[in-house]
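Undergrad: Residues per chain, in single letters:
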Amino acid sequence: MLNIGKIEEGFVLDHIQAGKSMQIYRHLGLDKLDSTVAIIKNAKSQAMGKKDILKIECDIDSLDLDVLSFIDHNITVNVIKDGEIIEKRSLVLPKEITGVIRCHNPRCISSIEQELPQIFYLADEEKEIYRCKYCDEKYSESTIDKL
Amino acid sequence: MNKLRHMMNPLDFSVEELEELFDLAGEIEKDMDSYAHKCDGKILATCFYEPSTRTRLSFETAMLRLGGKTLGFADASNSSAAKGESVADTIRVISCFADICAMRHPKEGAPMVAATKSSIPVINAGDGGHQHPTQTLTDLLTIRSLYGKLGDFTIGLCGDLKFGRTVHSLINALSRYEGIRFIFISPKELRVPDYITEMLTQKNIPYEEVIKLEDVMPQLDFLYMTRVQKERFFNEEDYIRLKDFYILNKEKMAKAKVNMYILHPLPRVNEISVEIDDDPRAAYFKQVQYGLYVRMALILTLLNIK
Numbered sequence: 029m030l031n032i033g034k035i036e037e038g039f040v041l042d043h044i045q046a047g048k049s050m051q052i053y054r055h056l057g058l059d060k061l062d063s064t065v066a067i068i069k070n071a072k073s074q075a076m077g078k079k080d081i082l083k084i085e086c087d088i089d090s091l092d093l094d095v096l097s098f099i100d101h102n103i104t105v106n107v108i109k110d111g112e113i114i115e116k117r118s119l120v121l122p123k124e125i126t127g128v129i130r131c132h133n134p135r136c137i138s139s140i141e142q143e144l145p146q147i148f149y150l151a152d153e154e155k156e157i158y159r160c161k162y163c164d165e166k167y168s169e170s171t172i173d174k175l
Numbered sequence: 467m468n469k470l471r472h473m474m475n476p477l478d479f480s481v482e483e484l485e486e487l488f489d490l491a492g493e494i495e496k497d498m499d500s501y502a503h504k505c506d507g508k509i510l511a512t513c514f515y516e517p518s519t520r521t522r523l524s525f526e527t528a529m530l531r532l533g534g535k536t537l538g539f540a541d542a543s544n545s546s547a548a549k550g551e552s553v554a555d556t557i558r559v560i561s562c563f564a565d566i567c568a569m570r571h572p573k574e575g576a577p578m579v580a581a582t583k584s585s586i587p588v589i590n591a592g593d594g595g596h597q598h599p600t601q602t603l604t605d606l607l608t609i610r611s612l613y614g615k616l617g618d619f620t621i622g623l624c625g626d627l628k629f630g631r632t633v634h635s636l637i638n639a640l641s642r643y644e645g646i647r648f649i650f651i652s653p654k655e656l657r658v659p660d661y662i663t664e665m666l667t668q669k670n671i672p673y674e675e676v677i678k679l680e681d682v683m684p685q686l687d688f689l690y691m692t693r694v695q696k697e698r699f700f701n702e703e704d705y706i707r708l709k710d711f712y713i714l715n716k717e718k719m720a721k722a723k724v725n726m727y728i729l730h731p732l733p734r735v736n737e738i739s740v741e742i743d744d745d746p747r748a749a750y751f752k753q754v755q756y757g758l759y760v761r762m763a764l765i766l767t768l769l770n771i772k
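Sequences listed follow chains A and B, in order. Count along the first sequence from 1, add 28, and you get the number used in the numbering used here. Count along the second sequence from 1, add 466, and you get the number used in the numbering used here.
Source of the hints: derived by calculation from the structure; they are not laboratory data. A couple of the hints might just be wrong.
[To be verified] Examples of chain A residues lying across from chain B (beta carbon under 7 Å, computed):
#1 Glu141
#2 Tyr149
#3 Tyr162
For every residue, glycine included, the Cβ atom is placed at its ideal position computed from N, Cα and C.
Chain A with its partners taken away, still in its complex shape:
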């Protein structure tokens, strides 16, 4: 069994679907953080069989985790302060997502305009539907790839 030490302040992202931790690492911009990050892949899980876990040592106000719920809303976010879990944060779907997914509508201006950010807005919270800010095309895993 692999042992990774406790963190003093930061986040433990648990119950990440196995294999998705690197995607989350990129979307949260963790490669730009000058702090300790542990990526645990394929950890044993009673509920999930296998899961990924991310441990991030950072100021708890410095990270915007909204995008997590878009990627996988089953992730458990444990907020750590002074080495203890002080909060289990519930994830809220972000109203807007920038630079996470790409619109694949060939008629969308984002397909040709230079350096235009890819922005999607939450069109239906209940059904978790996102639409492209420019052309209103519905986000669909099959037609739009994650960036």
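With chain A's structure known, arrange chain B on it following the hints.
TA: Positioned in the frame of chain A, the structure of chain B alone reads:
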């Protein structure tokens, strides 16, 4: 200083703001001469990245009738876009020349990108299959002027309801008013998209979907015709079987109310027989006139000229 406003989508304006816009258009209709110098010294840029004669001429006429001047291009090959310039850069340049811009672009969302970088008001004059807000404003003003109000009527929308952006935009815009019942008349291949019917269900707005126009003619206060194109059908048999359902002629008009109005975004091909043109219920050319009034009112509103 007044906040810079654009017109990207008819829903950008509240119902109250649209009422003010339509009231102004009504004033212009009554006394156009008194508006002849409202835009003296102002310039409208018409940036049309794809050809559209009627819309461009309507915008240019609107500005000329207000006393302003126009400049622009009528297709992308005559613009710097042919050299690869971005929409963002083009609008920054246009902002240095003109006071307001009407933009048509084949790419959906292009006018919105322009609006985010512009220091002058931008009007979406049509972006691909996405939005054509001034057509919707035209349709709303026409209905309001002919019927006296926007509400308490049954409107039939007929033809290609799947791909027609004017139809989707009009349904969305009308869904904000009370007492409207929709009848969608189309072959099953060209039915209105699910997200529209879901929206109507959510808002408890009554609608029905039928195939034959004759069956519902007597119920309609407005009939909004669109073109059914042969290439939209999956097989020729279906096209041949159904095509006559959607050609409006005297025989079908005999079943309509005496005060029903026919609307059409134009251009028409053969879906409305020319024998109908002299029927007092044919309002599609009046609609073009209302399009001019509403564009004049929109230019004045966005330039904040009283």
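Undergrad: Take the hints in turn and mark each one as holding or not.
TA: Now the hints, each set against the structure:
With its C-beta approaching chain B no nearer than about 5 Å, Glu141(A) sits inside the 7 Å limit, and its interface hint holds. A distance limit of 7 Å between C-beta atoms decides the matter here; for Tyr149(A) the minimum to chain B is near 12 Å, and the interface restraint is violated. For Tyr162(A), the interface hint holds, since its Cβ comes within 7 Å of a Cβ in chain B; the closest pair sits about 3 Å apart.
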